[in-house]
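Since the structure of chain A is already known, use the hints to place chains B and C on it.
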Amino acid sequence: MSRRYWIPAVGLGLLFLSAVPTLLPRYAIDLIAQGMIFAIVGMGLDILVGYLGLPSLGHAAFFGLASYGLAIPVTRLGWAPWAGAGVGLLTAAVAAALFGLLAVRCRGVYFLVSTLAFGQVLWGGAVKWTSVSGGYNGIPGIPRPSLFGWSLWEPDAFYYFVYAVFVVVAAMLVLFVLSPVGKILTGIRESESRMRVLGYRNQLYRYMAFSLSAFVTGIAGILMAYFNTFVGPDSLHWSLSAQTLLMVILGGAGTLLGPAGAGILLVVAQNLISNVTERWTMVLGLLYVATMLFAPRGVLVLLRGLLAQRRPSS
Amino acid sequence: MRSFIATALRSGIRSAVFTLFVAGLILVSGVAVAQEAKPFKIGVLAPLTGPQTQLGQNLVAGVRFFFQQRPAIAGRSVQLVVEDTVSQPGQGLSKARKLLDLDRVDIVMGIVNSAVLDAVQGMILGRRVPLIVTNAGSDGFTKGSVNRYAFRVSHTNSQNNLALGWYAYEKLGYRRAAVLTYDFIAGVEHAGGFKKTFTEMGGTITQEVKAPLGTSDFGPYISQIRTGEIDVLYVFLAGADAIRFMQQADSFGLKNRTKIIGPGFVADDLILAAQRDAAVGVVTAIQYVNTIDTPENREFTAAYRKATGQEANLYAEDAYTACEAVAKALEEVRGDTSDISRFVNALESVKFTSPRGPFRFDKNHQAVFTVYVARVTKIGTQYRNTIIDQIPDVGQDWSPASRPQPSRPQGR
Amino acid sequence: MGGGAASQLVAQILNGLSFGMLLFLVSSGLTVIFGLMRVLSLVHGSLYLFGGYLAFTVQRATGKFHLALIVAVLGCSLLAWVIERLLHRQLYVGLQLNQVLLTMGLAFVIGDFVLWYWGGNPQTVTPPEILRGSLSLGFGIVYPRYRLLIIGIGLAIAALFHLVWDRTRLGAILRAGVDDAEMLRGLGVRIGIVFTAVFAGGGALAAFAGTLGGPFLGVYPGLDFEVILLSVVIVVVGGVGSLTGAFLGSIVIGLLDAFSKAYFPVFSYFAMFGPMILILAFKPTGLFGADRT
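Residue numbers (our numbering), protein chains in the order written: chain A, 20 to 333; chain B, 542 to 953; chain C, 136 to 428.
These are calculated hints, taken from the structure and not from any lab test.
Every residue, glycine too, gets a C-beta built ideally from N, C-alpha and C.
35 Å max Cα-Cα, derived DSBU-like pairs, lysine-lysine:
#1 B:Lys684 - B:Lys904
#2 B:Lys892 - B:Lys904
#3 A:Lys202 - C:Lys418
#4 B:Lys796 - C:Lys199
#5 B:Lys800 - C:Lys199
#6 C:Lys199 - B:Lys847
#7 B:Lys847 - B:Lys892
#8 B:Lys800 - B:Lys684
Reference excerpt, derived from the structure (chain C facing chain A, CB under 10 Å, subset only):
#9 Arg173
#10 Gln231
#11 Gln234
#12 Leu236
#13 Met239
#14 Ala242
#15 Phe248
#16 Phe360
#17 Leu364
#18 Ser403
#19 Gly409
#20 Ala416
So here's chain A without its partners, still in its complex pose (with noise of 0.2 Å):
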């Protein structure tokens, strides 16, 4: 899509979010900024799925690592909640620099399926391992830090700082798809033998990128936990992992601002539906299978196709 198109979408797009505290209740106030965690989990999943073309069916692993990371310092030790989010974000940190190592090897469905194996290990772990995790139960209570002398219990607070590291990942993603080295790992994806004889070395740019994928989801992780003031081991499961999949493509796999808005939009339409019928899985579904039969590279993409149709007549 042109700049004519995409910079006036987006400035309205943030204009609007930044004004949802003083426009709409509380309820959508919560909606949004749990959308918005989840946006940041589309754009992260992103790099790897549409940047680097491996889709990763285990993301959840980072996001729930990051969450149990803060919730098992804080709420067994006592640790300062700011503390913990250092500690979730380095376990998830460090899970991704270690598994990393082996997924990178591993390509198409073979990827898939490993890092499917890796989220239901950890899951496996989450639930077994009751005496850390809480098992089923998983940890509550986990407490919400103060900003600036905000308390970020406040929904407004909450909502703002939610925005706010929205606002500064996106930002920095931007800037790193459009960095050198984003242009590297869009060449690896389009032709990796071309990359080696470059003189690139391809399993290191994978294993770089991979990383800050699962850093990215570990601070979606940190948020969440904020959000719900607790942590279970539905967080690693492979079915949380697939519906960020759906969002990544559905939003437009590779366009990092698409799975943003998809992932905003799957969270509130996901509340609003299941509000009104039992049926959301069914709905979730048909959303799969139309996507993949219309839209197979995301709404955006479709939508760009679409006006680019249009332009000439007009």
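Relative to chain A, chains B and C alone:
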């Protein structure tokens, strides 16, 4: 073609704007309505999809059935807002948030899953909204210093088992037992209640086997049980797991070598139809089976069958009794809930006879009830839980010493 | 269980084999579909569950196990046929990821339909009278007849597959297709029909397994994803498109399940996925797989 697409796109945008507008309207009007009219709003949290769907469906059926019969209480119409937790704490939190912020419910009822209960209780109770649990059993919810707004009409995990452990030793004459239970907290608490009274009476636990939730193949666990050295096998499993276990245990011929006992969930009225012959002879202890022979229960089961086309069961009765407790408290304050603490006072002192028998709360707001000991029997083509004995007035910390006079069997 | 450690060991081996053979019925179809069409069909577990429920309904209405089995197998091969015909355009082109998500979406739809139509109550299929109860194998080992039958059926089907795969024209076409589907087209084989037939056959096999598994695992919402996760592990560990791999993988996973539960309960959560990560780390295409992605 192009112009067609352009038109389609424009109308697409238009309909998207319209949808957003409508969605916004629903959001706003939801809040507006809550402020204007004053029906008594009850939020119901239950799993309507996911692994515990069956329990949630029956819970909701019990609530709906009660308010079908009594649409208004003390002059106030009752409005139900039912939300699906999917048995996931995260989804439970989203729905609790919706009930509190959007619907502004007066009370919240239901909850099947202990993990969901742990996750949402802080948020609900923190807003001073009464929470009446009708299934989730985690012992901690009504132990120690308990929140004034927290109530539980159903069992604690250990409650029925405390009575069962004593009964197995004293009345059934078992001395050596093996235990098969879930490997997570609910399993530990259920088996813990049984082990406590059984060993205090002088019984021995020879072996403890723990299985994960959702085990497909119980063969490896069944093969481990050393039936030669036990009088009885205590089992706690529920739902699909209990069905599979009974089927598989039957095919291994386990019942030819030992007896099986457990809390009611091992063979409750809901799953008996699927367990069939495999469960016959199993003895369980629970606060409700649909064969209780009292006027209250005869009336309840008949009306429930007529209204829903289904047999009454534990989950529906728990929900029904919770509604009855709420209705009694609402009558006590004459429908005035402007001061929620008066409503809570009224609720904590309700006392009545429900389908299960005499009902009251203890000082921690945990239900005290009669525990029924039942044996699965086949009558014609039907499978029923036939009551063989009952242990009255069982609270969450029941012990054999606190037992009143022995009772006589009462059942069909 | 009567007897000592040795007879327990035999019982656990039989447990592993019976569960493994049931999984083989699902994973063999999955691996051929994957090998031939390059589609990881996550809807396969839903066909298993749908077949189980069909069998349950027919048996409740007629009381006949064999009739239930026939209806389930026919019904699911029909459903698989419809799915393949409706979606094949999107199924075989484009990104592999999109195919996975497409079949995952279908799995959600079928899973939710099952929940809506049959309700949340777990159900079971009752085996024929003659197969109930257990058999004494000597040395103090008493084992369920039904499970012995499943082991027998699994082995028989594996042998049958082996013959078809190696000795028949159909087998030759399939083997060539797994190696290079384009070449088959060049040789004048109507590959579209082969694809449809294999997909429908896989559906039939899944429904067969769903019905056979009914008296043993029951049928209930959520079983679809439990079955497909294990089958995917088997297919990937064994190597995509390899029937031998699926056979050995099923036995390994079945035995791992039984032994971890019996002797190392702490590891029963990792028993399935842990080895898979290790295998993929050292041989990223599975034990019997050629390199293709």
